[in-house]
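**Student:** Quick note, the sequences are listed as chains A and B, same order.
Just so we're aligned, residue 1 is where the first sequence starts under our numbering, counting upward by one.
Just so we're aligned, residue 1 is where the second sequence starts under our numbering, counting upward by one.
Careful: at least some of the hints might be erroneous.
Stated by the list, open to error - List of simulated lysine to any residue pairs, SDA-like, C-alpha gap at most 25 Å:
#, chain 1, residue 1, chain 2, residue 2
1, A, K120, B, T57
2, A, K120, B, K102
3, B, K102, A, S211
4, A, K123, B, D16
5, B, K134, A, V207
6, B, K132, A, S211
7, B, K132, A, V203
8, B, K102, A, V202
9, B, K134, A, V203
10, B, K102, A, V207
11, B, K134, A, L280
12, B, K75, A, S211
13, A, K120, B, K132
14, B, K102, A, P208
15, A, K123, B, K102
16, B, K75, A, K123
17, B, K132, A, V202
18, B, K102, A, R198
19, B, K134, A, V202
20, B, K134, A, K123
No lab work stands behind these hints: they were computed from the structure.
Computed from a predicted structure; not experimentally measured.
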Amino acid sequence: MASKTRDTEELFGFEMSPKVVTWAKALGFHAVLWSLVFVVLMPVLWMIVVSLNQVAFDTFIENPGVWLDGASLDAYRRMLYETNFITWFGNSVIVTVSSTVLSIIVCTFGAYSIGRLRFKGRKAVATFLLLTQMFPLILVAVPLFLIFRDIGLFNSLIGLTIAYVAFVLPFSIWMLRGFYENLPEALEEAAMIDGSTRIGAVVRVIVPLSSPAIATTAIFAWIFAWNEFVMALILINDDAKTTLPPGLSSWIGQYSLQWDLLMAGALGATLPLFIILFFLQKYIINGLAEGAVKT
Amino acid sequence: MSRIQFDSVTKRYEADILAVDNFNLDIHDGEFLTLVGPSGSGKSTLLRMLAGLEEITEGEIRIGDTPVNRLPPRKRDIAMVFQNYALYPHLSVRDNMAFGLKRSTDLPAEEINERVREAAELMGIEELLDQKPKHLSGGQRQRVATGRAIVRDPAVFLFDEPLSNLDAKLRKHMRTELQRLQQTFETTTIYVTHDQEEAMTMSDRIAILDTGTLQQVGSPREVYNRPKNTFVAQFIGSPSMNMFVSKLDRSGDRPRFVGDIDLPISERQAESIAARSDADQFLLGVRPEHIHVHETSVEESVRAFVDIIEPLGSNDLLYFELESNIDVTSVIGNSIDIGEDEQGDEEEYKVFIEPESIPQRYENSDDPVYLTFDTEYVHVFDPETGENLSLDQRSTPEAQTESATGAGD
Numbered sequence: 001m002a003s004k005t006r007d008t009e010e011l012f013g014f015e016m017s018p019k020v021v022t023w024a025k026a027l028g029f030h031a032v033l034w035s036l037v038f039v040v041l042m043p044v045l046w047m048i049v050v051s052l053n054q055v056a057f058d059t060f061i062e063n064p065g066v067w068l069d070g071a072s073l074d075a076y077r078r079m080l081y082e083t084n085f086i087t088w089f090g091n092s093v094i095v096t097v098s099s100t101v102l103s104i105i106v107c108t109f110g111a112y113s114i115g116r117l118r119f120k121g122r123k124a125v126a127t128f129l130l131l132t133q134m135f136p137l138i139l140v141a142v143p144l145f146l147i148f149r150d151i152g153l154f155n156s157l158i159g160l161t162i163a164y165v166a167f168v169l170p171f172s173i174w175m176l177r178g179f180y181e182n183l184p185e186a187l188e189e190a191a192m193i194d195g196s197t198r199i200g201a202v203v204r205v206i207v208p209l210s211s212p213a214i215a216t217t218a219i220f221a222w223i224f225a226w227n228e229f230v231m232a233l234i235l236i237n238d239d240a241k242t243t244l245p246p247g248l249s250s251w252i253g254q255y256s257l258q259w260d261l262l263m264a265g266a267l268g269a270t271l272p273l274f275i276i277l278f279f280l281q282k283y284i285i286n287g288l289a290e291g292a293v294k295t
Numbered sequence: 001m002s003r004i005q006f007d008s009v010t011k012r013y014e015a016d017i018l019a020v021d022n023f024n025l026d027i028h029d030g031e032f033l034t035l036v037g038p039s040g041s042g043k044s045t046l047l048r049m050l051a052g053l054e055e056i057t058e059g060e061i062r063i064g065d066t067p068v069n070r071l072p073p074r075k076r077d078i079a080m081v082f083q084n085y086a087l088y089p090h091l092s093v094r095d096n097m098a099f100g101l102k103r104s105t106d107l108p109a110e111e112i113n114e115r116v117r118e119a120a121e122l123m124g125i126e127e128l129l130d131q132k133p134k135h136l137s138g139g140q141r142q143r144v145a146t147g148r149a150i151v152r153d154p155a156v157f158l159f160d161e162p163l164s165n166l167d168a169k170l171r172k173h174m175r176t177e178l179q180r181l182q183q184t185f186e187t188t189t190i191y192v193t194h195d196q197e198e199a200m201t202m203s204d205r206i207a208i209l210d211t212g213t214l215q216q217v218g219s220p221r222e223v224y225n226r227p228k229n230t231f232v233a234q235f236i237g238s239p240s241m242n243m244f245v246s247k248l249d250r251s252g253d254r255p256r257f258v259g260d261i262d263l264p265i266s267e268r269q270a271e272s273i274a275a276r277s278d279a280d281q282f283l284l285g286v287r288p289e290h291i292h293v294h295e296t297s298v299e300e301s302v303r304a305f306v307d308i309i310e311p312l313g314s315n316d317l318l319y320f321e322l323e324s325n326i327d328v329t330s331v332i333g334n335s336i337d338i339g340e341d342e343q344g345d346e347e348e349y350k351v352f353i354e355p356e357s358i359p360q361r362y363e364n365s366d367d368p369v370y371l372t373f374d375t376e377y378v379h380v381f382d383p384e385t386g387e388n389l390s391l392d393q394r395s396t397p398e399a400q401t402e403s404a405t406g407a408g409d
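One chain only, chain A, in its complex shape:
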């Protein structure tokens, strides 16, 4: 009888059949997972609920029927036709796209030169770049306002774009630099011997290989520019030229607060980020440089 195998397993001190154990483990795992997802998405869910019908939380819980009866897309209609939402959205898109594209181009070459080229003062440049990140944004914004006012960039989307690029660059360059330093140098050397210039080697070999890192940098720049509030508030004072975050905040009046309109606006502002993350996430996960050299 000594050779009889055990057909039960132990879970938290209880003897159970293996089937039950597998099932219980899966249940526990999914319970934890989905509760986390729910907690994270709760605000978004509430945004949707309120944008359709402005109700209090306890009313919604006690009597969802009331909410359902009064649900309408009226807030969205008002948002689109009675406010500057579309203009702000357009401004946000312009500033975000241009600052993302610009910072990607600049930081690709900037990070490459700091990561690869051997020139005097390379370390100093890298350190000073990081130094700018030590100041809170609002501290930089006020002097920037004075400078921009004097050189005529105040109250313009170009000025805001430049400010965003300047603020995003140091971090992006540091991020990409680390990635470049890990790419085998022989790749560019091979490309240069094969007839490319150094810039050609960067464009044809380094950029395709670093697309996951560049995508990460792009997401960082995009999220920053899309969500940025303080600089947009300080550097733009024309309602038709402002971006979404300061624009939406102007709906919070002194005497009235239209929660349904605000939530509809917030949802409208969140949507582009959802879309961007959805498309770019595969680049973040992908390890393209795999197989470049024998490991």
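Given chain A's structure and the hints, the job is docking chain B onto it.
**Tutor:** This is chain B only, laid out in the frame that chain A set:
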């Protein structure tokens, strides 16, 4: 056409680190030349300077008759195979091989395709053309890297330790394959390796480097049979040359060496050695195949004790110790590199013997064996300069011209 000249080439890195010191070498058109040396000897630096990946501090490099010091790599008409292959991971094998042709020529797409196909056929990788490098094995990657070089039909091939990432069997196979390719194309080839066996088997000529200085250039046989100094003597050949310390005694009626080993030499040799060096003790270098082991004492034999006998197949390698020996390092000058291997056991004496000609019972026993030496193959080195003093008597006019350009110091 595509001969390569190194003219007083020197490379210095920032903090005054001398990587290559006044290097002169003339490589003939169509020649297969190997740069060999231990790590840090400057061989890769030389190759990279030739490729344009490293700046030349002083001197001039010419490909054909064009000085290339100021030319970017793409204008030098060279192709290089890297140690880690450096295949572009985001491109298929076909695009990897076509990359150079697309960049450096204006050939039409069909022509490029055709040449890539031909090169792939030559390398036996046609069925891999649509694969990405990460799906290939080490040997296949090596073939793709070589194919990428030959497809461009350049004036010069550069190989930077291309086989060191392969396993031993594949390495031997690729060795002959690369040699065959080079003979087909007759393209001037410079091959960098730290493996003296690779250098010996593949090259028309070998250039041996140590600490940035050229030690000797010559055909594989020449550098093996007539090493110019202790470094070359120890570096070329496996297992390396045995080094004994002995004094030249000219007091008797016949001059002879006395010390670790006792050897008679001719009056003429003694004269020539004494004329070239006033050293008291000399290093006697004897290759393992030029020593004979006897079980009984014979005339002019030296007593030794067997450490271990390693069977190698066609012959055995016998490690021995002498009754008393003088530490080589105590005799040699500070600047002399006797090329001790990684374990630092330059004092291990070795001799090739016929399999089982010496019974196992001699291993670690007190019974001595008796050694005799082929005196004509004994090299006498000056312990201060490392120079081979016995070289002149055997050197031929051909050897002198060949090594004349190799005098880097």
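**Student:** Next pair to validate is K134/B with K123/A; report whether the Cα-Cα distance is within 25 Å.
**Tutor:** Judged against 25 Å, a Cα distance of about 34 Å means the pair is violated.
**Student:** Are the Cα atoms of K102/B and S211/A separated by 25 Å or less?
**Tutor:** holds (23 Å)
**Student:** Is the Cα-Cα distance between K132/B and V202/A 25 Å or less?
**Tutor:** Distance ~20 Å between K132/B and V202/A Cα, so the pair holds.
**Student:** Is K132/B within 25 Å of V203/A, Cα to Cα?
**Tutor:** holds (19 Å)
**Student:** Would the pair K120/A and T57/B pass a check requiring their Cα atoms to be no farther apart than 25 Å?
**Tutor:** holds (18 Å)
**Student:** Below or equal to 25 Å on CA atoms is what counts here, so check K123/A against D16/B.
**Tutor:** Holds, at about 21 Å.
**Student:** CA of K75/B to CA of K123/A, is that 25 Å or under?
**Tutor:** It is violated: about 32 Å lies between the C-alpha atoms, which goes past 25 Å.
**Student:** Taken at face value, is the distance from the CA of P208/A to the CA of K102/B at most 25 Å?
**Tutor:** holds (17 Å)
**Student:** Between the alpha carbons of K123/A and K102/B, is the straight-line distance 25 Å or under?
**Tutor:** violated (37 Å)
**Student:** For a C-alpha distance cap of 25 Å, please report whether K120/A and K102/B respect it.
**Tutor:** violated (35 Å)
**Student:** Taking 25 Å as the top limit, are the C-alpha atoms of K75/B and S211/A close enough?
**Tutor:** With a Cα-Cα distance of about 29 Å, the restraint between K75/B and S211/A is violated, given a limit of 25 Å.
**Student:** Would the pair K102/B and V207/A pass a check requiring their Cα atoms to be no farther apart than 25 Å?
**Tutor:** Judged against 25 Å, a Cα distance of about 18 Å means the pair holds.
Hints 2, 12, 13, 15, 16, 20 from the list above are not met by this structure, while the remaining hints are.
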